[in-house]
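We have chain A; now place chain B onto it with these hints.
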Amino acid sequence: MNTTYIINIVVVLVFVIVGAILGPIFARRKRSERFHNQFGPEYDRTVQTMGNEKKAQTELDERQKHVKALDIRPLSVSERERYLADWTAVQSKFVDEPGQAIVDADRLIIEVMQIRAYPVSDFEQRAADISVNYPALVSNYRAAREIAIKNKQHQADTEELRQAMIYYRSLFEELLKTESVVVEEKKR
Amino acid sequence: MNEQFNTSDIVERTDKDTNSPVVNSDPFADKVPVDAALIHETPMGGTVAVVGPMDEKIVHEAPIGETITHEAPLGTNAVSSAALLNREESEHFRTRWNEIQGKFVDEPRSAVQQADALVSEVIEKITQLFANEHSSLEGQWNQGNAGTTEDLRKALQRYRSFFNRLVV
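Chains as they are written, first to last, in the numbering used here: chain A, 30 to 217; chain B, 2 to 169.
The shape of chain A in the complex, shown without the other chains (with noise of 0.2 Å):
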């Protein structure tokens, strides 16, 4: 009778330690997994350049906190018309002068950002916000921009100013996309 009881609360304890153990630890996984699959690559690589996840978290928080706070706006019909037929002169301008054409295309990307309210002053800023809205294109972004680096340095070839035209046109796609997009979630 002693011993049952002795076993019994024995027992309760191991599974309240294995809980206190384990509990945080499947709460942090499922922390870690809901930011992986809101921010994509774009977690791990926070999480490289901060150091630990927690930081990153912290981080990738703020980032979120900061947009919302913003008043981003979509573009007007017109506005959307004038920059897709900007996007076609910088793409045709590539066969003449691929460097530039790069260039434009980044202060494109800039410009339709500034008229959307987001703040634009450095592209480490610009990156963080795209981030929040558009996880799966911040990785196009950034390759576009180191390509865009080594343009600058002369040092990029032409097929690589190529992709980095690819890498900046998706994302001025999903820039320009949002009209559509926020009159439907408006519907809802």
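Relax, there's no trap hidden among the hints.
Listed next, the in silico SDA-like pairs over lysine to any residue satisfying Cα-Cα at most 20 Å (straight line): (1) B:104 / A:186; (2) B:104 / A:198; (3) B:104 / A:128; (4) A:97 / A:145; (5) A:83 / A:63; (6) B:104 / A:117.
Just so you know, the hints here were simulated from the structure itself, not pulled from any lab data.
Just so it is clear, the structure is predicted and the values come from calculations on it, not from any experiment.
Then chain B, alone, in the frame of chain A:
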């Protein structure tokens, strides 16, 4: 096709051929972003490129030599500025060129292949134009000895007109 033929070569070629890389330095301009690249590339079409397809003053359907006056010793100015293709044709070709150039970023190789085909088509078109002119011209002077010196003089003027439009 040569595997070594990379994007850089493709651009390089186009660059050299268009021979005017700075023409469209402003991407925000409303103009068509393509210059006369297509026509520059054809050995015959230089004239077309210089003229530009939008020049309203040109009488595209004008029979060759119409603008020549007896006073114009060489007829170069008046005649060489006439386009070989009419405006509709030029615009059609130009639209297709713009599409091809816009596609380069996505499919460089296919863009170059299509450019090649388009240029061939334009040359064919010009050849055909000349064939038509040729038969009408020949009727004017090649009738045994029937043609007077005046007929021959006029025929030569019309040939010169065509020549001037091919060779600037």
